[in-house]
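Fit chain B to the given chain A structure using the hints.
In order, the protein sequence lines correspond to chains A and B.
Heads up: the first sequence begins at 1 in my numbering, then just goes up one per residue.
Heads up: the second sequence begins at 1001 in my numbering, then just goes up one per residue.
To be clear, the hints were calculated from the coordinates, so they are not data collected in a lab.
Treat the hints loosely; a few may be bogus.
[Unchecked claim] Here are the simulated lysine-lysine pairs, BS3-like style, with alpha carbons at most 27 Å apart:
| id | chain 1 | residue 1 | chain 2 | residue 2 |
| --- | --- | --- | --- | --- |
| 1 | A | K271 | B | K1134 |
| 2 | B | K1139 | A | K271 |
| 3 | B | K1134 | A | K229 |
| 4 | A | K135 | B | K1139 |
| 5 | A | K257 | A | K215 |
| 6 | B | K1034 | A | K70 |
| 7 | A | K215 | A | K167 |
| 8 | B | K1134 | A | K215 |
| 9 | A | K271 | B | K1034 |
Computed from a predicted model, the values in this text were never measured in an experiment.
So the chains spell out like this:
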Amino acid sequence: MSRGDHKVSKITSEAIFAVRPITSTSFLISLVLCLSILLVDIKYKVSDEIRGYAHDVLLPLYKTLQVPGKFINKASDTWQTNQELRKKILSYEEDNEKLQLINSQLKELTTRNQELNLVWESAQIDKEAYLLGQKMKLSSNPINPVLILDVYDPKSVLLVNQPVLSKEGIIGKVISVGLRSVEVMLSQDPESLIPVISAESRLHAILKGHGLERKGQLINVKKTAAFKKGEELYSSGLGKVFPPNYLVGRVIHIEDKPDNEFLNIEVEFLKLPEEQDYFLVFIK
Amino acid sequence: MNTDLKNYSLISISLIFFILLDLISFSQTTDQIKPALFLLSFIYWNIALPERMNLFYAFIFGFLMDFIQGTVLGLYPLILIFISYLSQKFFYQFRPLKFIQQAVVIFLIFLVVRFLIAVDLNDSNPNSLTLADKEYVLKSLAFAVLNALIWSPLMYVHRIYRRKWIKT
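Excised from the complex, chain B in its bound form:
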């Protein structure tokens, strides 16, 4: 098989695997704060192999996420395009950072993502631009912290996978 095609397939398989893991349902509260493994994986691939990750991934997986999450069509592609662009623009700066610093960046990214998802695009609440309430903010903070904490172990898992299977 063509190396490029093989690499693209392996990256896609890992992303689909993490989407599957994200789909596993627990209690309602747990579901709201459990780490978004797909997004973490997407960030990893953009930082580790920016030359392999193009905007095509952002579109395809973005639409897939829109259907799965029930969000307005185009919201997740928008988020993934931003993540892709920022990751690829600053991956030279991001890679040498300490884990704690990387975790802080991840925390901020996921907090912004959660607030973007809460924007009242359908104008269901005419008095406010966002649907986020205090509870949502607290759960978003917990969600961002958990993602930041899981970033390092997930990065190691990805690194092992990349070194074993993906030839650049």
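Bound-form chain A, shown alone:
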């Protein structure tokens, strides 16, 4: 036994074979190291550069977890023998998702075009602008919700800040890119800020998240602003991160507090489709 593996009793001079816990020095060194990493990451967001690649490494883990679900689905599909038909249905489903999304955009565009007397032909929508991403994981942390998508398309360029959409509208933006995995900051995230315009009153505002299953808030809205309860909010396109005219949420509560210089406007985000496995990344 090497020196330092045991203590010696001062009374009997016998060895005390006690297990030595982590020493205070190593604990303190580790603590300082962790705090340094934490501070560097908070200040410079360095982890965003590597998170995408980390998810690439973890992809087999995520895929493994999908095996039981896929197996069950496969078993239930065994009665269907026509492979060609199944492929066709799958491709129609993908097309359908894209079309539903485009429809939601068209609804808002129609209203705007009518108001501005623009020609209908200006609303040319390119289906190639969307990449289909398969949901790998949705983080259970309610105040830091993160969605991980597997977007495998070697021809397309994935970049940070590209918007991510469900069939209803905007649900977040890409914050980290790997070889084929992307980490998405959801619009409910407390760090998320989306420039929006209201559908009826045509007022601009910034929508801030407050966590998963929590209401969002329109920030710094003057008390004279005439937002209406129930009106829909669409992305305004200001800031050039999110494309304009996509549904983001709905105003559900307006309160004028005497001790607050701004209006308190609560917004209900688009419901996160838990069952939905595919999302769209807007790449143009």
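Positioned in the frame of chain A, the structure of chain B alone reads:
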């Protein structure tokens, strides 16, 4: 295979297995209150085999958890280092405790962990130090209670695994 290496591998395998179980997704509410099996397993190994659990585990698995959970890099290693240190410092006192007393300790640990995760490190809410609201506190309480309840059965499972496979 070298016994030490075999033991380290077996401990790591059990931790990875519980990470996999934690990754299984249910409804949003269930996901927020379901027990954190990985953390419970990590506590068990620190108490059962403190001589085998070093801070290397806390770092490796901490960073892994940071990536999986999307938290700021370094937060989970920090939490695991604290858990490791406290578990190894007080495992002599913890082991003889009754199950109900152990459950109370586990409850407190998990409550603290949940509040640590809620600290507003990115300053997204300038008016408050934490992002926790009433709903978060309630769900955290439920989460801590569930972890405390599942501690005893999980400990038995770990004990069986340790006695069958891990030679010290």
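Mind listing which of the numbered hints don't hold for this structure, in increasing order?
As far as the earlier hints go, not one is violated by this structure.
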